[in-house]
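Participant: Sequence:
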Amino acid sequence: MRTLKISSDEVKSGHMHADNIQASIKALKEDGVVLLSGVIDVDHTDRLSQKMLEDVDRVEQTNGISNNWQGVRPPPFHPYLFSDIVFNEMAITITHQIMGDG
2 MRTLKISSDE VKSGHMHADN IQASIKALKE DGVVLLSGVI DVDHTDRLSQ
52 KMLEDVDRVE QTNGISNNWQ GVRPPPFHPY LFSDIVFNEM AITITHQIMG
102 DG
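Take the sequence shown: its letter number 46 is residue 47 in the numbering used here, and every next letter is one higher.
No lab work stands behind these hints: they were computed from the structure. For every residue, glycine included, the Cβ atom is placed at its ideal position computed from N, Cα and C. Watch out, some of these pointers could steer you wrong.
Quick list of in silico lysine-lysine cross-link-like pairs, DSS-like style, CA-CA up to 27 Å [stated by the list, open to error]:
1) Lys30 with Lys6
2) Lys6 with Lys27
3) Lys13 with Lys27
Label-pair restraints from in silico Cβ distances [as the list claims (entries may be wrong)]:
4) Leu54 with Ala24: 17 to 27 Å
5) Thr63 with Lys13: 18 to 28 Å
6) Asn64 with His16: 20 to 30 Å
7) His16 with Val43: 13 to 23 Å
8) Gly15 with Asn64: 36 to 46 Å
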């Protein structure tokens, strides 16, 4: 898996430099995955993690868990919706370049 370091200026503007877009597209086509380092605020993933772990504990206490897959999903409501996760302009740009308008 290739990792691209995205500059803080790119993150702030929401727009990647053309060379990073092309490198991302190449990585996706060759490897099927690319890591855009720095585009998601770690605090956001930490907050989601904490909430989901609390949800797992709650489900386990009320319903029990009979397998290794609990079916707990990220909460789709405030304060757990973060634009850098659910509407990431850089990810949208890359996928749009590959998939087009359709």
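Participant: Hint by hint, note whether the structure agrees.
Facilitator: Right, here's what the structure says about each hint:
1. Distance hint between Lys30 and Lys6 is fulfilled; the C-alpha atoms sit about 18 Å from each other, no more than 27 Å.
2. Our distance criterion of 27 Å between C-alpha atoms is met by Lys6 and Lys27, whose separation comes to about 15 Å.
3. Taking the CA atoms of Lys13 and Lys27, the gap is near 24 Å; set against the 27 Å cutoff, the hint holds.
4. Leu54 and Ala24 have their C-beta atoms about 34 Å apart, which leaves the hinted 17 to 27 Å range violated.
5. Taking the beta carbon of each, Thr63 and Lys13 are about 43 Å apart, not inside 18 to 28 Å as hinted.
6. The given range of 20 to 30 Å is broken by Asn64 and His16, whose C-beta atoms sit roughly 45 Å from each other.
7. Remark: the range hint 13 to 23 Å for His16 to Val43 is upheld by a beta-carbon distance near 21 Å.
8. Roughly 40 Å separates the CB atoms of Gly15 and Asn64, a value that falls within the hinted 36 to 46 Å.
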